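The listed protein sequences derive, respectively, from chains H and E.
All letters in the first sequence, in the order written, are residues 1 to 110 by my numbering.
All letters in the second sequence, in the order written, are residues 1 to 116 by my numbering.
Check each hint, because a few of them may be wrong.
What the hints assert, rightly or not - Below, in silico cross-link-like pairs of lysine to any residue (SDA-like), each with a Cα-Cα straight-line distance of 20 Å or less:
| id | chain 1 | residue 1 | chain 2 | residue 2 |
| --- | --- | --- | --- | --- |
| 1 | H | 56 | H | 18 |
| 2 | H | 51 | E | 96 |
| 3 | H | 51 | H | 73 |
| 4 | H | 57 | E | 102 |
| 5 | E | 79 | E | 96 |
| 6 | H | 70 | H | 5 |
| 7 | H | 36 | E | 102 |
| 8 | H | 51 | E | 11 |
| 9 | E | 80 | E | 14 |
| 10 | H | 36 | E | 79 |
| 11 | H | 36 | E | 46 |
| 12 | H | 36 | E | 94 |
| 13 | H | 56 | E | 103 |
| 14 | E | 79 | E | 11 |
| 15 | H | 36 | E | 88 |
| 16 | H | 36 | E | 109 |
| 17 | H | 70 | E | 114 |
| 18 | H | 57 | H | 94 |
| 19 | H | 56 | H | 22 |
| 20 | H | 36 | H | 9 |
| 21 | H | 51 | H | 40 |
| 22 | H | 59 | H | 20 |
| 23 | H | 36 | E | 114 |
| 24 | H | 36 | E | 3 |
| 25 | H | 36 | E | 103 |
| 26 | H | 57 | E | 103 |
| 27 | H | 51 | H | 18 |
| 28 | H | 51 | H | 38 |
| 29 | H | 36 | E | 116 |
| 30 | H | 36 | E | 40 |
| 31 | H | 51 | E | 103 |
| 32 | H | 56 | E | 102 |
| 33 | H | 36 | E | 45 |
| 34 | H | 36 | E | 87 |
| 35 | H | 36 | E | 39 |
Said to hold, decoys possible - One-sided excerpt, in silico: chain E residues whose CB lies under 7 Å from chain H:
| id | residue |
| --- | --- |
| 36 | 46 |
| 37 | 90 |
| 38 | 104 |
| 39 | 107 |
| 40 | 110 |
None of these hints come from the bench; they were simulated from the model.
From a predicted model like this one, the values you see are computed outputs, not experimental measurements.
Note that CB positions come from ideal geometry on N, CA and C, so glycine has one too.
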Amino acid sequence: GQQVMQIPQYQHVQEGEDFTTYCNSSTTLSNIQWYKQRPGGHPVFLIQLVKSGEVKKQKRLTFQFGEAKKNSSLHITATQTTDVGTYFCAGRSTGNQFYFGTGTSLTVIP
Amino acid sequence: SQTIHQWPATLVQPVGSPLSLECTVEGTSNPNLYWYRQAAGRGLQLLFYSVGIGQISSEVPQNLSASRPQDRQFILSSKKLLLSDSGFYLCAWSVPPTNSWVNEQFFGPGTRLTVL
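Throw the hints in and build the complete structure from the sequences for me.
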């Protein structure tokens with residue numbers, strides 16, 4: 001079955017440092033989404049990428065979709081304490097279902 | 001606007017007891033509906049999804065089942081709970097996925113299930 005892996009599983013950074021999480025799929029994806037889950041909360045949608053090589057920015061967050069549409073990354077510049085949470089990618093191939101990555105838990109040390 | 005409800009918020013059940021978790025969506029019609037399970041500190045595992053009334057696709061064989069008796073109602077059930085069924089259960093809805101527009105999944109608040 002389809003597998004979506006994320007690395008790293010955990011990341012601790014000093015406030016102001018950058019952070020990157022990587023997502024890799026075993027199959028080619030139609031699109032990929034990113035979600036953020038705050039501790040004790042539910043996942044909240046951040047963005048969707050569709051095109052090969054696509055790059056999208058949301059303030060300090062930069063999202064990339066690989067040329068082969070099998071990998072993606074989320075980069076946060078100058079982390080803040082409000083960035084704390086677990087970041088998930090979710091990939092869709094051809095069906096109705098999205099397969100979530102294993103998640104990267106980000107801790108920001110003030 | 002659309003809203004998604006899940007209940008109960010927390011549940012403690014003995015091993016071997018039945019389970020029924022309910023999810024309802026308001027403000028949209030014919031949504032895709034999903035059940036996920038999240039073990040402590042882990043990712044989201046897709047359990048079931050539904051594209052319409054009575055249409056259920058199972059992703060992981062297990063002692064859980066799902067039903068969609070109405071368009072905006074999705075139920076997760078078990079006849080006999082196992083210890084390994086403990087986790088955070090999340091219901092989500094989306095418009096049917098395509099590449100033409102953003103089809104984000106909107107998650108409910110979740111049910112934290114502990115099986116003892």
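So, going through the hints one by one against the coordinates:
For the hint pairing residue 56 of chain H with residue 18 of chain H, the CA-to-CA distance comes to about 17 Å; that is within 20 Å, so the pair holds. Between residue 51 of chain H and residue 96 of chain E the CA atoms are separated by roughly 19 Å; this keeps the pair inside 20 Å, and the hint holds. Of the pairs offered as hints, the one joining residue 51 of chain H and residue 73 of chain H holds, with about 14 Å between alpha carbons and a cut-off of 20 Å not exceeded. Between residue 57 of chain H and residue 102 of chain E, the direct Cα distance comes to roughly 16 Å. Compliance with the 20 Å bound is thereby established for this hinted pair.
Restraint check for residue 79 of chain E and residue 96 of chain E: not satisfied, since their Cα atoms lie roughly 30 Å apart, outside the 20 Å limit. For the suggested pair residue 70 of chain H and residue 5 of chain H, the alpha carbons sit about 11 Å apart, so the restraint of at most 20 Å is met. Taken as a hint, the residue 36 of chain H and residue 102 of chain E pair is honoured in the structure, with Cα atoms around 17 Å apart against an allowance of 20 Å. With a CA separation close to 42 Å, the supplied pair residue 51 of chain H and residue 11 of chain E exceeds the 20 Å bound.
Distance check on the hinted pair: residue 80 of chain E and residue 14 of chain E sit about 9 Å apart at the alpha-carbon level, within 20 Å; holds. Taking the CA atoms of residue 36 of chain H and residue 79 of chain E, the gap is about 33 Å. The hint is violated against a cut of 20 Å. For the hint pairing residue 36 of chain H with residue 46 of chain E, the CA-to-CA distance comes to about 17 Å; that is within 20 Å, so the pair holds. At roughly 17 Å between alpha-carbon atoms, residue 36 of chain H and residue 94 of chain E fall within 20 Å of each other, so this suggested pair holds.
A C-alpha spacing of about 17 Å is found between residue 56 of chain H and residue 103 of chain E, which places the hinted pair at or below 20 Å, so the restraint holds. The hinted pair formed by residue 79 of chain E and residue 11 of chain E meets the criterion: a straight-line CA distance of about 16 Å does not exceed 20 Å. Of the pairs offered as hints, the one joining residue 36 of chain H and residue 88 of chain E holds, with about 16 Å between alpha carbons and a cut-off of 20 Å not exceeded. The hinted pair formed by residue 36 of chain H and residue 109 of chain E meets the criterion: a straight-line CA distance of about 14 Å does not exceed 20 Å.
About 36 Å separates the Cα atoms of residue 70 of chain H and residue 114 of chain E, which puts this hinted pair outside 20 Å; it is violated. Among the hinted pairs, residue 57 of chain H with residue 94 of chain H is inconsistent with the structure: their alpha-carbon atoms are about 26 Å apart, more than 20 Å. Straight-line distance between C-alpha atoms of residue 56 of chain H and residue 22 of chain H comes to about 15 Å, which keeps the hinted pair within the 20 Å bound. Taking the CA atoms of residue 36 of chain H and residue 9 of chain H, the gap is about 14 Å. The hint holds against a cut of 20 Å.
A hinted pair counts as satisfied when its Cα atoms are at most 20 Å apart, and residue 51 of chain H with residue 40 of chain H does not qualify at roughly 33 Å. Using a Cα cut-off of 20 Å, the hinted pair residue 59 of chain H and residue 20 of chain H holds, with the two alpha carbons roughly 15 Å apart. With a C-alpha separation of about 24 Å, the suggested pair residue 36 of chain H and residue 114 of chain E falls outside the 20 Å cut-off, and the hint is violated. Simply put, residue 36 of chain H and residue 3 of chain E have alpha-carbon atoms about 19 Å apart, close enough for the 20 Å limit, and the pair holds.
Proposed proximity of residue 36 of chain H and residue 103 of chain E is supported: the alpha carbons are some 16 Å apart, at most 20 Å. Between the alpha carbons of residue 57 of chain H and residue 103 of chain E the distance comes to roughly 18 Å, so the proposed pair stays at or under 20 Å and holds. For the given pair, residue 51 of chain H sits about 25 Å from residue 18 of chain H by alpha-carbon distance, which is inconsistent with the 20 Å threshold. The straight-line distance between the Cα atoms of residue 51 of chain H and residue 38 of chain H is roughly 28 Å, outside the 20 Å bound, and the hint therefore fails.
Taking the CA atoms of residue 36 of chain H and residue 116 of chain E, the gap is about 30 Å. The hint is violated against a cut of 20 Å. Restraint check for residue 36 of chain H and residue 40 of chain E: satisfied, since their Cα atoms lie roughly 16 Å apart, inside the 20 Å limit. For the suggested pair residue 51 of chain H and residue 103 of chain E, the alpha carbons sit about 15 Å apart, so the restraint of at most 20 Å is met. Proximity of residue 56 of chain H to residue 102 of chain E is assessed by CA-CA distance (about 14 Å); at most 20 Å being required, the pair is judged to hold.
The hinted pair formed by residue 36 of chain H and residue 45 of chain E meets the criterion: a straight-line CA distance of about 16 Å does not exceed 20 Å. Distance hint between residue 36 of chain H and residue 87 of chain E is fulfilled; the C-alpha atoms sit about 19 Å from each other, no more than 20 Å. Using a Cα cut-off of 20 Å, the hinted pair residue 36 of chain H and residue 39 of chain E holds, with the two alpha carbons roughly 17 Å apart. The beta carbon of residue 46 of chain E is positioned within 7 Å of a beta carbon in chain H (closest approach about 6 Å), and the interface hint is therefore held.
Contact between residue 90 of chain E and chain H, as hinted, is supported at the beta carbon level, the nearest pair being about 6 Å apart and thus within 7 Å. With a cut of 7 Å, the hint placing residue 104 of chain E at the interface with chain H holds, because the nearest CB-to-CB distance is about 4 Å. Hint on residue 107 of chain E holds. Least Cβ distance to chain H is approximately 4 Å, under the 7 Å limit. The beta carbon of residue 110 of chain E is positioned within 7 Å of a beta carbon in chain H (closest approach about 5 Å), and the interface hint is therefore held.
Of the numbered hints given earlier, the model fails hints 5, 8, 10, 17, 18, 21, 23, 27, 28, 29; all others are met.
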